[in-house]
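Enquirer: The primary structure of each chain is shown beneath.
4 protein chains.
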Amino acid sequence: MVDERARLEVTMLGECRIESPLSELLRRRRTTRHYVDETDRVLLDDTVALVTARGVPVHELPGFEPGGPRAKIFFDPSKTRVGIVTCGGLCPGLNDVIRALVLELTHHYGVRRIFGFRNGYQGLTARYGRPVVDLTPENVAGINEYGGTILGTSRGNQDPNEIVDCLEQLSVNILFVIGGDGSMRGALKIAEVVAERGRRIAVVGVPKTIDNDIPYIERSFGFQTAFAKATEAIRAAHVEATAFPNGIGLVQLMGRHSGFIACYAALANNDADYVLIPEVPFALDGPGGFLEHLRSRVVERGHAMVVVAEGAGQEYLSARGTDASGNLRLEDFGRYLRHRIADHFAARGVEANLKYIDPSYTIRSVPANPYDSVYCIRLAHAAVHAAMAGRTEMVVGRWRGRFVHVPIALAISSRNLVDPDGDLWLSVLEATGQPPVFA
Amino acid sequence: MVDERARLEVTMLGECRIESPLSELLRRRRTTRHYVDETDRVLLDDTVALVTARGVPVHELPGFEPGGPRAKIFFDPSKTRVGIVTCGGLCPGLNDVIRALVLELTHHYGVRRIFGFRNGYQGLTARYGRPVVDLTPENVAGINEYGGTILGTSRGNQDPNEIVDCLEQLSVNILFVIGGDGSMRGALKIAEVVAERGRRIAVVGVPKTIDNDIPYIERSFGFQTAFAKATEAIRAAHVEATAFPNGIGLVQLMGRHSGFIACYAALANNDADYVLIPEVPFALDGPGGFLEHLRSRVVERGHAMVVVAEGAGQEYLSARGTDASGNLRLEDFGRYLRHRIADHFAARGVEANLKYIDPSYTIRSVPANPYDSVYCIRLAHAAVHAAMAGRTEMVVGRWRGRFVHVPIALAISSRNLVDPDGDLWLSVLEATGQPPVFA
Amino acid sequence: MVDERARLEVTMLGECRIESPLSELLRRRRTTRHYVDETDRVLLDDTVALVTARGVPVHELPGFEPGGPRAKIFFDPSKTRVGIVTCGGLCPGLNDVIRALVLELTHHYGVRRIFGFRNGYQGLTARYGRPVVDLTPENVAGINEYGGTILGTSRGNQDPNEIVDCLEQLSVNILFVIGGDGSMRGALKIAEVVAERGRRIAVVGVPKTIDNDIPYIERSFGFQTAFAKATEAIRAAHVEATAFPNGIGLVQLMGRHSGFIACYAALANNDADYVLIPEVPFALDGPGGFLEHLRSRVVERGHAMVVVAEGAGQEYLSARGTDASGNLRLEDFGRYLRHRIADHFAARGVEANLKYIDPSYTIRSVPANPYDSVYCIRLAHAAVHAAMAGRTEMVVGRWRGRFVHVPIALAISSRNLVDPDGDLWLSVLEATGQPPVFA
Amino acid sequence: MVDERARLEVTMLGECRIESPLSELLRRRRTTRHYVDETDRVLLDDTVALVTARGVPVHELPGFEPGGPRAKIFFDPSKTRVGIVTCGGLCPGLNDVIRALVLELTHHYGVRRIFGFRNGYQGLTARYGRPVVDLTPENVAGINEYGGTILGTSRGNQDPNEIVDCLEQLSVNILFVIGGDGSMRGALKIAEVVAERGRRIAVVGVPKTIDNDIPYIERSFGFQTAFAKATEAIRAAHVEATAFPNGIGLVQLMGRHSGFIACYAALANNDADYVLIPEVPFALDGPGGFLEHLRSRVVERGHAMVVVAEGAGQEYLSARGTDASGNLRLEDFGRYLRHRIADHFAARGVEANLKYIDPSYTIRSVPANPYDSVYCIRLAHAAVHAAMAGRTEMVVGRWRGRFVHVPIALAISSRNLVDPDGDLWLSVLEATGQPPVFA
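Chains as they are written, first to last, in full-length UniProt numbering: chain A, 1 to 439; chain B, 1 to 439; chain C, 1 to 439; chain D, 1 to 439.
By construction, these hints were calculated from the structure, which means they are not laboratory data.
You can trust all of the hints, since none of them are fake.
For identical chains, the list gives no copy identity; a pair is met inside one copy or between any two copies.
Pairs of lysine to any residue, SDA-like flavour, derived with a Cα cap of 25 Å:
id, residue 1, residue 2
1, Lys72, Pro435
2, Lys72, Ile18
3, Lys72, Glu430
4, Lys72, Asp419
5, Lys79, Gly14
6, Lys72, Pro420
7, Lys79, Glu430
8, Lys79, Tyr35
9, Lys72, Gly422
Using the sequences and the hints, build the whole thing.
Expert: Structure representation (structure tokens):
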């Protein structure tokens, strides 16, 4: 239990001594209750305690530090310089987060200098020669109406020493990293170099995962937009499948490790007859396998609709990958399955009109829907409050209905997965009518 | 504390002795973990305990019964007859809930007879002569793609004795009521008559409130669809306001007691300069009042955008209502403000091109968006599990990330309100730039 | 016949002597066929000739000058200064037209100075003090994604002498007026003052009418976007009407003189039971009147859906207007009908749940849909080609599948109306099932 | 000229002697003007006559028979049996056409028996054993809200003798074929067999081509919906292209022979830098070729967006096809280009982040937009009027603003193509800024 609590402690750059400029706003509202009570905690998990450790007092349970504004802050806004970088694949809401960070820093803390680094960590690495952009309320106006990221992005991490050199050269005090788990590993290394050099540079992450697989963040930004958009691809494949004799719709959705998008999209429009996700193993071959079940259904009903998460069935690909070039490519399962279905039907002399859709780019590049827009703004506000209060090596999360501070190390130590025994997967089984196991 | 816990106890019709038909599904998945552990609880609130009662053991804190399937159930599915009724105003997702109730009851419990009552409680009251509809998987297919409710609806409660007469006559064992707080008061009375008569009829509610103002349900179904749609009206008014000289956009959104739709819609598209909600009082007149602030802004910037919740500023209407006919109509604030603005500008000789939009019907009548569709399905599944397990006088809720059982009496005892000291309202103040108080 | 042909002649400022800069583009395509043949004409109407004047040779029939680029142009692009103004109510596509004018003038003719006048003709009238905006490819980028007009607008004409003063002061050679028939009357007066003063200033209009009532332009820009958006209001009212007992949906759509939006919107979603338009008179009262027919239908079927164009039934309003204040307000028919329906049902003791929607602002303020975007671009290109070739006192039109030049005087001399004997209205009668006459 | 006119004559089954049931409707409107005057014609082309044959009287010019209701009809509605079949690939609006045919036949002519044949011509061929569906107003209600076709479809023609056997067996008098040019060739053969056997079965087509390449039909149904949807794919690829270093977006759109979708989609959202279509040849290689131009642009600006019609650059594929298997597959150009771009950049050591999208299924499977819905209804009405009046071997078209009757032989004798010298392609060149020739 002690270990657990240590893992939840957020690193601080130092003591908060400066009165927050928000005080003026709050004073005029004649309240100080907007401020977060420093003794407040959001319990990590009460279920375990309820069931297994019934005598434990509440305040001894592990809990997160809640997000929100503090009465005293660490950085003097007038002297603070901030950097923002977006890393990795696109996700709806990136521009919403950038915009909300800039507006909150400018209007409510009075920060005057915000740098945008171009094309991910490349923009913080001198040899790429990417220009640094000044971010102001004027040049972020309206960017939330566009998908993608105005800062551009790139994949992969860069040398953390070069990055900290860049931050020092520009006298940056706070670096906001908007990125996925790989980028957060990079951010952790940057924070470590900062600590080694004894600098006071806060590194705060806004976790981005269109797959919704980052732990301690109930729903990652862009996820709702993504699965809503994904339903359109399922609908298109379903319309095709039902129009042609023995039509089969096959849609591959994002989700390397978790099948949330596949599950939610399948539930939302209810056209799917099968959902295959990484968390639930399945047999393709044999009399109880997926292919034979699919064939029976198509012969009986004339059509079928299959939704797969890209990370499903990796055991089939690794075998296949070894045969070919040893270069396992996770995103191949949809295509692999497409060929297996075609071969299976052909070998049994059954006509199949298979239509395959991989809508990846058309999902991740759209603007955030209104819910995600609001969520991005609130996440960004929580990130700004945390950074100004001197927190570092952390990401903002949302846990049990509240915004919280999660140490980066904890956020990247595990994944949020669809629970094969939970109510979400049960609802998928019920909605699709697919057998609980293919074996 | 004892009182509090009592209030969270859900009433049961009797002991659960019948093995759930879901067992077969789960057995084939070689798991029983889908079932809810009867000792599990979802804490009502750990914040209070953390801050004020630090020594309290977790299991002594008040907590809700979690939703989900039980291994033993109360009703024998093959003999169970179910009724469904939708009451009150329209809300996105009504058809999704109806459809999911029918599919879950039929496919996963094997219930064979489900009645749909037409036009709210009128359909359960003999003298209205509304025909009763048989609900089957066939006739609910695809209804989720349409707004409204296939059962129709009506406002107001009916005599609970007549309703229970109707239920007895049709041998109904479970009544699902999808409706707002008024309808839930009606449902409570029905349950009381059932209890008086010693009948074993479960009355389970799926709480409906487009305003998101029902407590213990983190986000009511249809709310996200509603505020997303509301952003379109704000955008339209904003485009009009910025096109004409001294343009003022005024949009009245739903929210008789709570300003959630106004807050979320305003945050999402960020066109609003002012948001007025019931939870935060404001002065209209005087040098620090809203009207004078609005006039200054329009003169300086050439336009302004105002979003009001219909329940805002009731103190102005009650005064006005007394003058006129004594007939206080809550929905009048938008129109009242429209006239006050026009008069204020006219009195000061300032041109104003005011465009007023009240998009109420065009918001509440749309189909649920994908998120709300999924949410409706899961709420309905929780409601079915609860009813089949013999729970009554309760509604399904969602609390701290889990589905829970909430006694009706508790659900109607208070309202979910925007906290004027919370981070949502703070974000609205920051996003609009409006002054924290008009006084 | 002679008169008719004279009316179709477009006024020219002078002889075209300058080689078009487009020649270079076309030379590289090794073609000159992009250029319009000066002897080409688009027949005004062949039906009359076919049926009534069978011996007339084709080239003697009245025909429009086709739009498109000319090999020789009138204005020297490097010295040309252009003004753009948007007038009257909003319409989807205004920004598309502005943007396409600017891009075509800049990139393909090499014009270097384009002024945007703010808030309609007010922006060309010194005493309003509206700043003049420089329009460049940079500041019109992306404006087509927003509804409204970046130049702002206003209603009403201004003194043409003051306007020509302004044009002379800024040395403007071409004025593009994007506006409705009132604005085109203003444009005609401006062109007359220009002619009186012997100036070489081309006045070219891009006709705007969300109602689709300008003649010689098959479909006005924004019309398709508008009626598509209008179907949403009809759907909303229909959902409401079918949900409540004796529900009546009443939607008032734009159309002061013509019912095109009402007809197309009603056909498109097919929820309407009645469509009332200005072109087809109807009786409200009496046993064969609309109100009694509506009552019968509601009593029989439980609901009804009514779509009215705002200009319908003006005879009822003029009578009513005379009683009240003599101030005939065209837009009142929807509200008038709402009260008449309510009174009619009340007088007969029949319950009615009437839901009234007037979606005007939410229709006209949206961005153009893809079809209208393309159409706006092509209209703007035709307008630029015409103006650069020295045409004046004309608007661009589209007639029998080709872009044409229409003299302003002709364009404002009549209206495009729904033909009560044509196939559009016949289709509406068939789709709604309403009686062919209410009398 | 004589030949031309003969080609425009529509074949008739016999003399029209029966009074149209529409007469009653029209009598009540006190008009007969809804009926089409039998001497009316819609000129095929006045341009030629104007420019080259100036002395020709109008009535000697070739012209189409106009569509619309006739006062006298050929088939007795009470005894008429109708069949409907949908063939070939999906296209938005198929269900709208089916529904409008059924409603018009039923409500306005009083036809009582309408058969739906399943899966294209397979449904008319006994050995496939497809069940025949009864089509009634009840079972076509609301089908227009779904994409695809409720009748299903299939590719390829079947033996016309077997088909006519089927029609005779069911005593079908009218067959409506909704399909593309291949299906219309099949329809022509069916009509020929009907004529050989001396049967009075009308064969009337509603031409379907998502590519808009059928002549004498100004805009094919579904085309507007399709290109509007296509703009989303271009936007997605553009967002991706601008986010990553040296990003290249490549979108392949439908259009085997004509580039209309590519041109309109590119104009509508204006993200494209290059549009390649079948009608305009281009060099890929060499210093003036497309690949080198693309490389320069990417190096200079950091990104580029390419839109190709699937039928573009076939000369490259035929060469390639010969190398591989001799099996020329038209749809490969997008993929071919993708590899050529990747190779070209790799060979020159230039990084390229290429994102390829082929949105085909997600475009053709969506429901018709409101414009196409209305257009489908009106096309279907024209088809019903034509068939009831005994026309056969024809399709309905739209020419110069009016519905017309086009002999099938004429409709399949040529294609509607983008004119490389016309204003549409000129607008594309201007909007993209691409060079007029790659050579």
